[in-house]
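A.B. asks: Just so you know, the sequences run in chain order L and P. What the first sequence shows, in my numbering, is residues 1 to 197, in sequence order. What the second sequence shows, in my numbering, is residues 1 to 197, in sequence order.
Source of the hints: derived by calculation from the structure; they are not laboratory data. Among these hints, one or two may not hold up.
Here are a few chain P residues that sit away from chain L, every Cβ distance over 12 angstroms (derived from the structure) [what the hints assert, rightly or not]: (1) Glu28; (2) Arg78; (3) Glu103.
With a straight-line Cα cutoff of 25 angstroms, these simulated SDA-like cross-link-like pairs (lysine to any residue) come out [stated by the list, open to error]: (4) Lys140(P) - Ala191(L); (5) Lys93(P) - Trp20(L); (6) Lys93(L) - Pro150(L).
Note that the structure is a prediction, hence the values are computed from the model and not measured. Cβ atoms here follow ideal geometry from the backbone N, Cα and C, with glycine treated the same way.
2 protein chains.
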Amino acid sequence: MSENTRVADYAIHEQFIQRWSPRAFSNEVISEDTLLSFLEAARWAPSAYNSQPWRFLYARRDTPNWQRFLGLLNEFNRGWAQHASALVIVISKTTFTPPGATEEGPALWHTFDTGSAWGHLGLQASISGWHTHAMAGFDKELARTELKVPEGYEIHTAVAIGKLGDKATLAEFLQARETPSPRKPLSELAAEGDFTL
Amino acid sequence: MSENTRVADYAIHEQFIQRWSPRAFSNEVISEDTLLSFLEAARWAPSAYNSQPWRFLYARRDTPNWQRFLGLLNEFNRGWAQHASALVIVISKTTFTPPGATEEGPALWHTFDTGSAWGHLGLQASISGWHTHAMAGFDKELARTELKVPEGYEIHTAVAIGKLGDKATLAEFLQARETPSPRKPLSELAAEGDFTL
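So that you can see chain L by itself, here it is in the shape it has in the complex (with noise of 0.2 angstroms):
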């Protein structure tokens, strides 16, 4: 196990800093229900007029969809993400309901909405001892056709979930990445009035 250096410079809870993105995985079976307590910390997160955008697609290793989410990644993240537990597509609706209208106008926030409730996953992932890694390099393009996403909805996200396994599995290169990253101090990234970033 990494050595977690990471240190808050306010008070906040731990799991914060403790969830992390690894990429060595140890080829752990998940439960379907445990997969899915992970979602449901997404399904409660908030969203503009709570219109709820977010949408999960979901493969469990030992299961037929595997190897056709497997498909999706790059030949970079398959080559470790192949020992995760599951993969999840996240997608969101772009379209909803206003509030006292009759008909589906764009929903402006859905891409934001959508990220908070990626926050709320990684977090009970962690907190339940399993550790997710999102990437950007995978086909959306031939996820769109491959798992029938119709249109009306855009795809953000493949997730790797997992349990932590050995880093010496991972190439040299690799296993020096394989640590919890540091931020930017918070004094880059907030200012109080005006913008002074």
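Following the hints, put chain P in place on chain L, whose structure we already have.
C.D. replies: The following block gives chain P in isolation, referenced to the frame of chain L:
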């Protein structure tokens, strides 16, 4: 205090169903350290290539910036948010320097990632005994000029943060809505394998 009748369908940490978005706030003053602890939680969110696109501008009540920030909200939101303790404008950087590159390119995940940071923020505030309410109803263009937000940054939401107040202070039609909102069943949000939602 409103009764929270939410029930999680799968075992999750109670923080996810305890967090909700009221409108009745109590005019409490918030210390800068307390407010920054909520942004600290956001700081540790995951992001593509650890690019950390989130930025936050804030004003606390009883400080010189308070009326300026309140003035960005539409009349409906200003009516209740004037009793909050802080307002936070959530912004993201729309470009970043990809690994190995020497120039900035478009940050394709800045909105999604900043959503995850907002998810962290709302949870830490709730854990600390405060409440948050993100608003779509504010003038983004006015916020850009008033707060001097440069090009290359996108403005997403305005968040009211405060201590829960007496809902009797709200207009009658809002009192009826002053309760933790429900969610769609997970079966409408998540599917194994193909998109069947």
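A.B. asks: Please name the hints from earlier in the document that this structure breaks, with their numbers sorted from lowest to highest.
C.D. replies: none
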